[in-house]
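Undergrad: Residue strings, one per chain:
Number of protein chains: 2
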Amino acid sequence: MPALSLNFSQDEYRQRLVKTRRAMEIAGVDVIIVSDPSNMAWLTGYDGWSFYVHQCVVVGPDGDPVWFGRGQDANGAKRTSYLADANIIGYPDNYVQSTERHPMDYLSARLADLGWADKRIGVEMDNYWFSAAAFASLQKHMSNAQFSDATALVNWQRAVKSPQEIDYMRKAARVVERMHAAIFEKCEPGYRKCDLVADIYSAGLRYDETLGIGGDYPAIVPLLPSGTDAAAPHLTWDDQPMKAGEGTFFEIAGVYKRYHCPLSRTVFLGKPTQVFLDAEKAVLEGMEAGLEAAKAGNLCEDIANAFFTVLKKHGISKDNRTGYPIGLSYPPDWGERTMSLRPGDKTVLEENMTFHFMTGLWMDDWGFEITESIVIGANGPECLADVPRRLHVKD
Amino acid sequence: MPALSLNFSQDEYRQRLVKTRRAMEIAGVDVIIVSDPSNMAWLTGYDGWSFYVHQCVVVGPDGDPVWFGRGQDANGAKRTSYLADANIIGYPDNYVQSTERHPMDYLSARLADLGWADKRIGVEMDNYWFSAAAFASLQKHMSNAQFSDATALVNWQRAVKSPQEIDYMRKAARVVERMHAAIFEKCEPGYRKCDLVADIYSAGLRYDETLGIGGDYPAIVPLLPSGTDAAAPHLTWDDQPMKAGEGTFFEIAGVYKRYHCPLSRTVFLGKPTQVFLDAEKAVLEGMEAGLEAAKAGNLCEDIANAFFTVLKKHGISKDNRTGYPIGLSYPPDWGERTMSLRPGDKTVLEENMTFHFMTGLWMDDWGFEITESIVIGANGPECLADVPRRLHVKD
Chain A
15 MPALSLNFSQ DEYRQRLVKT RRAMEIAGVD VIIVSDPSNM AWLTGYDGWS FYVHQCVVVG
75 PDGDPVWFGR GQDANGAKRT SYLADANIIG YPDNYVQSTE RHPMDYLSAR LADLGWADKR
135 IGVEMDNYWF SAAAFASLQK HMSNAQFSDA TALVNWQRAV KSPQEIDYMR KAARVVERMH
195 AAIFEKCEPG YRKCDLVADI YSAGLRYDET LGIGGDYPAI VPLLPSGTDA AAPHLTWDDQ
255 PMKAGEGTFF EIAGVYKRYH CPLSRTVFLG KPTQVFLDAE KAVLEGMEAG LEAAKAGNLC
315 EDIANAFFTV LKKHGISKDN RTGYPIGLSY PPDWGERTMS LRPGDKTVLE ENMTFHFMTG
375 LWMDDWGFEI TESIVIGANG PECLADVPRR LHVKD
Chain B
15 MPALSLNFSQ DEYRQRLVKT RRAMEIAGVD VIIVSDPSNM AWLTGYDGWS FYVHQCVVVG
75 PDGDPVWFGR GQDANGAKRT SYLADANIIG YPDNYVQSTE RHPMDYLSAR LADLGWADKR
135 IGVEMDNYWF SAAAFASLQK HMSNAQFSDA TALVNWQRAV KSPQEIDYMR KAARVVERMH
195 AAIFEKCEPG YRKCDLVADI YSAGLRYDET LGIGGDYPAI VPLLPSGTDA AAPHLTWDDQ
255 PMKAGEGTFF EIAGVYKRYH CPLSRTVFLG KPTQVFLDAE KAVLEGMEAG LEAAKAGNLC
315 EDIANAFFTV LKKHGISKDN RTGYPIGLSY PPDWGERTMS LRPGDKTVLE ENMTFHFMTG
375 LWMDDWGFEI TESIVIGANG PECLADVPRR LHVKD
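So the protein sequences, as listed, match chains A and B.
Per our numbering, the first sequence starts with residue 15, numbered consecutively.
Per our numbering, the second sequence starts with residue 15, numbered consecutively.
These aren't lab readings, by the way, just hints derived from the structure by calculation.
It is possible that some hints are incorrect.
Pairs involving identical chains hold if they fit within one copy or between any two copies, as the list cannot separate such chains.
What the hints assert, rightly or not - In the DSSO-like style, the derived pairs of lysine-lysine whose C-alpha atoms are separated by at most 30 Å in a straight line are: (1) K309 <-> K33; (2) K309 <-> K360; (3) K154 <-> K327; (4) K154 <-> K360.
Let the sequences and hints guide you as you build the complete structure.
TA: What follows is the structure, encoded as structure tokens:
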């Protein structure tokens, strides 16, 4: 087995565990079952595309976390996490997608072995990877446990980034710059979208000699709807040619060691319509206002209100949130699912929080995205990537 | 809005609905809440990367299905599904990742409007996209409903593929052939894995003039662990160079219109070790036996038993399942999560069922994958892709 190369120091993992246990204490839980792969990776280093079967990391009252997953993936846990073999539990393969037995039946027995079956146990109730059936199994097999909702408990500990995390996100920013350069270079009427996506992946993945890094997969595939389809924010692509006279937004992220730097730009092929020029003006002015509010001590909603006020002045109403925290992520989402940049979110911004300032507009028959990923500073934000902030026109 | 181009005829969608309602009747449910994006797409055509927020398709006692999702994604439903606007319900954005309100609160009210709140309602209890919190919300707000587990009810209706579906999977097979050709061409000592993954995406996505198609994203990113790392089946890649004297398996899929053709091959750089040569011999002989059993009327376990018997003769014991159904898929899994090719699965094979015959071996310090995707026929299987079935050696 090769020497383990962790993405963070043992000390950083230890601090994360301490932070998590402090939050557990405040939440009144002795044990937390962490099903979110991003949280699992953040706590232990575990990295693998195994989240299509049940798995979790369990943080108990003391000691290192316990990794729990499919038997064949235990080898992956041994190779990518800092955990000792004794802290890695694999379940037999006949628990996989079985109608007779559930992996959480097996976990319940192991938690009983550890003496944790009658504890106060936090579970991530509203996480993709914690199904209703998983919860039912735990409740059935650990009737003496007291379960409570710990959704996002670990996600919140991830909000303020360490220097090493910021470094990875800056590298991801270099990657996304390269991706947008490739888009602008290749995008033209007649060029097929599937080919453009291949170019985007190429720019996002290939080793860069100058940077000394290659890229990782994004938690969301490239989104690049054109024309009226751009009214829908989450369409992917097809194999049809790009057309003159249409706007296309490109919502993509550079990724390094699972850390994301999302960034969107809109490309118009041909002479932009007044609608696009007006949108550009409103969004750029609004972004300036929002970025000015993006400093430690302000609230999440301050950024959104600043942006929305300018939009309104331009006669545009945006009825969805305008950003979310980013960092370490696995599909299906590169957001951290804690704060939102929207009116009513009174979370206080802290230095080294990181957000995708998602200033996209999705109207009835058009869409427009110019966004920035930012690091909150004492006096204002650092924009992670440097891609010309304007409507990109190819005439 | 552009003319809707559905991937299947209205008639095919109608048949799917009829099949689903028949299964609902047998299961004793009046209404089914379908959270799985693959099932949502199969029933309505809906296609978008929006499954990171709560959404579903509801099939009621009569009429077309109802699409339910985030307000901004309703535009996507209008553009990709056959549903009338009246059957598309968007929820307000302040339900997104909120700690105060849950999208299923909103859905409950809509189901009450439709007169379905006191019905027998099936839910996909063990689906990624149906969290414990989603179920708790439904139970709280529809206390007169009778809930029951309908996990995989729709997935089972997808098991036997239509001619159009088989056609898409054959196209996906052409794509995966191209991907493996690219791997074999590029793979050599010193070549970086991230660059190889860029090549794989390029071959998987770019428009092919001969075929007249471009590719789609796979539900699982390329898996390509080398050497001892190949003991872990679900590691992805890094930016390090490939090494001489190591085996690497490539588990990838070609995808067309969300239909998958997975296929794995193993490449050895340099002179293969005896372990790899022995594995090749055992797996190829075992696959022949398994493929012979892959015909209508036989059972799922017959394929597995045939394969395992040969492996055992060669002194190899595989303790995990050896295949699963495939077709239309979204991340995180290109399997259909119904049958498994393993001892004990007594599902009767039918013509036009499709499987990934996943004959991978993951041992203590090495791994080996040569697999086939197959269509069950009356007298034997069709292997979808045509990639030389052997250990690929580059000396």
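Undergrad: Hint by hint, say whether it matches the structure.
TA: Hints and how they fare:
1. K309 <-> K33: within (23 Å within a copy, 56 Å between copies)
2. K309 <-> K360: within (14 Å within a copy, 61 Å between copies)
3. K154 <-> K327: Close neither inside one copy (56 Å) nor across copies (42 Å); limit 30 Å.
4. K154 <-> K360: between (38 Å within a copy, 28 Å between copies)
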